[in-house]
Amino acid sequence: MARPWQAPLGGLLGALLLLLLLPPLPGALGSSGGHGEGEGEGNGTVAYQIVTFKWLHVKDPYIIALWILVGSLAKIVFHLSHKVTSVVPESALLIFLGICLGGIVYAADHIASFTMTPTLFFFYLLPPIVLDAGYFMPNRLFFGNLGTILLYAVIGTIWNAATTGLSLYGVYLSGIMGHLNSGLLDFLLFGSLIAAVDPVAVLAVFEEVHVNDVLFIIVFGESLLNDAVTVVLYNVFDSFVAIGAENVTGVDCVKGIVSFFVVSVGGTLIGVAFAFLLSLVTRFTKHVQIIEPGFVFVISYLSYLTAEMLSLSAILAITFCGICCQKYVKANISEQSTTTVRYTMKMLASATETIVFMFLGISAVDPKIWTWNTAFILLTLVFISVYRVIGVILQTWLLNYYRMVPLGIIDQVVMSYGGLRGAVAFALVVLLDEKKVKDKNLFVSTTIIVVFFTVIIQGLTIKPLVQWLKVKKSEHREPKLNEKLHGRAFDHILSAIEDISGQIGHHYLRDKWSNIDRKYLSKVLMRQSAQKTRDQILKVFRELNLKDAISYVAEGERRGSLAFIRSPSIDNTANVDFSIINQMNGDASVSQILRDTSSSVCLDMQALEQRRKSIRDTEDMFSHHTLQQYLYKPRQEHKHLYSRHEITPDEEDKQNKEVFQRTMRKRLESFKSTKPGHNCNRKYKFHKQGPGQKRKTSNVMPNGNLYTEPVKEKDTEVSEAEENNYDNLHTGLAMDFLANVTRQNIMDMSGVDNPVFSADIEQTATMRFPPWLYSEEMVVPSPRAQEQIPYSPSNFQRLAPIRLSTRSIDSFLQVDLPEERPRAFLPDSTPM
Amino acid sequence: MGASHSRSEEIQELADKTGFTSEQIEHLHRRFRQLSGDQPTIRKENFDRIPDLEFNPLRAKIVHSFFDKRNLREASEGLVDEINFEDFLTIMSNFRPIEMDMDEEQLDRFRKQKLKFLFHMYDSDSDGKITLQEYRKVVQELLSGNPHLDKESVRSIAEAAMMEAASICMGQMEPDQVYEGITFEDFLKMWEGIDIETKMHVRFLTMEPIAPCH
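Order-wise, the sequence lines are chains U and X.
To convert, note that position 339 of the first sequence is 339 in our numbering; the numbers rise steadily by one, no gaps.
To convert, note that position 172 of the second sequence is 1004 in our numbering; the numbers rise steadily by one, no gaps.
Honestly, the hints are just simulated from the structure, not real lab data.
Honestly, I wouldn't trust all of these hints.
Examples of chain X residues toward chain U, derived with CB under 10 angstroms [as the list claims (entries may be wrong)]:
{"id": "1", "residue": "F899"}
{"id": "2", "residue": "Y954"}
{"id": "3", "residue": "E973"}
In silico lysine-lysine, BS3-like type, Cα no more than 25 angstroms apart, as pairs [claimed, not checked]:
{"id": "4", "chain 1": "U", "residue 1": "K523", "chain 2": "X", "residue 2": "K983"}
{"id": "5", "chain 1": "U", "residue 1": "K472", "chain 2": "X", "residue 2": "K944"}
{"id": "6", "chain 1": "U", "residue 1": "K480", "chain 2": "X", "residue 2": "K876"}
{"id": "7", "chain 1": "X", "residue 1": "K961", "chain 2": "X", "residue 2": "K948"}
{"id": "8", "chain 1": "X", "residue 1": "K1021", "chain 2": "U", "residue 2": "K473"}
{"id": "9", "chain 1": "U", "residue 1": "K480", "chain 2": "X", "residue 2": "K948"}
{"id": "10", "chain 1": "U", "residue 1": "K547", "chain 2": "X", "residue 2": "K983"}
{"id": "11", "chain 1": "X", "residue 1": "K969", "chain 2": "X", "residue 2": "K901"}
{"id": "12", "chain 1": "U", "residue 1": "K539", "chain 2": "X", "residue 2": "K983"}
{"id": "13", "chain 1": "U", "residue 1": "K519", "chain 2": "X", "residue 2": "K961"}
{"id": "14", "chain 1": "U", "residue 1": "K470", "chain 2": "U", "residue 2": "K368"}
{"id": "15", "chain 1": "U", "residue 1": "K480", "chain 2": "X", "residue 2": "K983"}
{"id": "16", "chain 1": "U", "residue 1": "K83", "chain 2": "U", "residue 2": "K472"}
{"id": "17", "chain 1": "U", "residue 1": "K480", "chain 2": "X", "residue 2": "K944"}
{"id": "18", "chain 1": "U", "residue 1": "K480", "chain 2": "X", "residue 2": "K1021"}
{"id": "19", "chain 1": "U", "residue 1": "K470", "chain 2": "X", "residue 2": "K961"}
{"id": "20", "chain 1": "X", "residue 1": "K876", "chain 2": "U", "residue 2": "K512"}
Glycine residues also receive a C-beta, built at the ideal position from the N, C-alpha and C atoms.
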């Protein structure tokens, strides 16, 4: 197991090592190069140089690119070994890597040239991570737990900041820490920056742990929303320290409290406003699809910068921008753009996260910032852990009075343990002004230690802890249609119960909100076409079908062709059939034939066919059908014209869609297919329908007389009825042919009472219809079939069973597919 | 009205039966009075007076379930014309949240009770099975809020959902088997792994009713 990747691993490691040496190396080269250049200029350019080495010219972007490359390569290396990454969180590994890199750089250069500056962090590294978090936020869960999250984010953070700061100050007064040039305010300032749980660290660790959704959203939501508190506390204490403790008045304190509301509400509003703008813009980007994804990023980033500019909470702004716009943006932009947005966002977030942790490691390697004070550092670690636990317990105790689903002890343990500190704290502490805060270096070193401790130690141990405590994990289940439907029903039922009992509760509010959303917001912010398809249930339905289609095609690929589509006999379906045949009548000849032509039952049916029909006809029809329906046309030479503004839709795409549509048809058909005895009913119905009838009537029919139809009909009755209808048919030859075929089959069937058989006859019958006869109204399932879910041979999800028909999904497709895509796969109906 | 002590006894009795606290019962009683127009019983028409209910797509089904005998008294079917306060409470108690001190067995019963209520709501002809017919109707009502969805696709969804149910409950089926509908056992099976007890609940407050009704 380990062997195969050892060689490439070694190679990669070598390459990586080379790269590690690169940054300092060019650094050294760069200085000399620059020097040389200067000399050259001094001498006056003697000759024109064909090749010049201009390191300084490209230095900064070059180094940035190199760092990103190193980080990404490091990720590859980490993931070569599953053992390591399953135990050690990636963030911890990256920090170690950063320390190593920092060491190398330092050894080569003797100055810590690369550290994470607050500007770099707040302007470039943080926004992508937070945007990603907001844009993919499970909104329902988030708003469902908003109260809890807010309590932890606001009260929890204030609690942590105050207690940590005050306790440290108290201990300092006792004299254990020796002498520091700090007053109470400095300690509170430090407390406020160390108090906040960090979204980057939490995400990095919790994503690997997979705790249940509620727990995750609470910890994660807290880490996102506590930004406002952190920013305000930090700013307030920072300015207090600047003006000096003795000059702080009560007015200033009030101002601080007011500024909290301004900062948080203002940040949120900015985010919502930009989300509105973004949604509105994407509504009109239909013709500039290629830059569609760009809007998402640019406008969200602008919300961040705007909030920053107005000194509001930028994290809140971009979070809420993502949260609010996701629904409309996802509905508006095209499928390709959605994918692009998703991947770009994930890539940016993941890359920046890598860099953040790596830089944290690198920044630690700088002797200038290290000031060791054992008591201070240790006590900080103790206090933040202890107060986190106490805070969580107190708040949960309070919350459980109000929460519908109380948080248990295990949840509380994980929540306290998940209080990871990270890069935000580091960036804030670096931002401190050394002139005002005398002990800045001590604070910086302590912060680094705290961050490393929480990310590495807690990150390492949280997984075993979660396992040991048997915390409810999040399960990745396939989306189930029933679940979605019931979920929807719940929403309505619960809001109704709230209405009836006369309370304004959670469901009541949500109900009202979704009404407003449907009536006004969606109309303004969503494209017309998107409004139709945005329904969640429809989405799940579609997803399921798509998955089926994919697995279906994959199955086909596995077997080398899609031929099995027309021969269900290969499937377990047919195996069942065989055994039954053998059991039921022991008809050696039939089963023999079946076994011999193990490739398909259809062949056998063809043989029966040939008794009445000329071989040629059938084969023509059959092959035509096969070609038309199941084989792709050879891929056409694509004209690869370069265009910056358009991407021509892929041929493959079209084919995928085609397969999808076909599978959908199958899926529903298989489910509708009746007990064998009722197959004739279907045909009977079809004839009764008459080809001239419009689709609408055929839609109504099954609904109209569901109970009135006799449940069982004898074959003879059917043929009688059919005969009548047959006479009434006043269509062209094609229809006659069709009727003929069916009639013959039914006649045939009256002789054979093997149910399995009839099913197959029916199938071949449909298959024999040439596409030009393929009308939508062809087969209407019998009422009984609709009433009762019939057996479908093998696993439903796998859509193995194939009963041909053309109905029942088209309308869905109509809804689902953009209008411009014609239903090309159905040869246009109504035989003339 | 009766003397005050008997009233509090009555409330206590109801509280024991339904699991509500006496404040909640007081509160719900006020609401009941409000809905019924100070009558001892509520009829279907009384529910029409709740304006917020008007746009609820499942309105008919929900109101119906208040008068469904299966939800009120065990082992009988059909509808009653009016319900008294105790019945009202019985229905409401299906939506109580779980309590911290419930043990496994209680939880299980609680869960079943909730699901039973739901099942009865879907199974409109009370034959113990949710047929495709019934399911389709529910789905139709559910999706009626979306005017863009046409009937046909709603049907397809119902069918696909039923198919899914069949595959969950029956697994591999014999060729000539017919899945006739979701029985309560199947219903339980479908809900396995989903915390209904954490989903199907309403916070019953002790405050004055706020939502208007006329």
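(message) Please verify whether K83(U) and K472(U) have alpha carbons no more than 25 angstroms apart.
(response) Given that 25 angstroms is the threshold and the Cα spacing comes to 23 angstroms, the pair holds.
(request) Have a go at the Y954(X) hint: is there a Cβ in chain U nearer than 10 angstroms to its own Cβ? (result) Nearest chain U Cβ about 8 angstroms off; hint holds.
(request) Would you mind confirming whether the straight-line C-alpha gap from K539(U) to K983(X) stays at or under 25 angstroms? (result) Given pair K539(U), K983(X) holds - Cα atoms ~16 angstroms apart, limit 25 angstroms.
(request) For the pair we were handed, K876(X) and K512(U), check the Cα-Cα distance against 25 angstroms. (result) Satisfied, since the Cα-Cα distance of roughly 24 angstroms is no more than 25 angstroms.
(message) Need the status of pair K480(U), K944(X): alpha-carbon distance at most 25 angstroms?
(response) holds (21 angstroms)
(request) Starting from K547(U), check that the Cα of K983(X) is at most 25 angstroms away, please. (result) holds (24 angstroms)
(request) Quickly compare the C-alpha distance for K961(X) and K948(X) to 25 angstroms and report which way the hint goes. (result) holds (12 angstroms)
(request) Please work out if K519(U) and K961(X) have their alpha carbons no farther apart than 25 angstroms. (result) violated (36 angstroms)
(request) Go through the hint on E973(X) and say holds or violated, using the shortest Cβ distance to chain U against 10 angstroms. (result) Result: holds, 9 angstroms to nearest chain U Cβ.
(message) Please verify whether K472(U) and K944(X) have alpha carbons no more than 25 angstroms apart.
(response) Within the cut-off at roughly 22 angstroms; holds.
(request) Measure nothing beyond the straight line between the CA atoms of K480(U) and K983(X); if it is 25 angstroms or shorter, mark the hint as holding. (result) holds (21 angstroms)
(request) Below or equal to 25 angstroms on CA atoms is what counts here, so check K480(U) against K876(X). (result) violated (34 angstroms)
Of the hints listed earlier, those the structure fails to meet are numbers 1, 6, 13, 14 and 19, in rising order.
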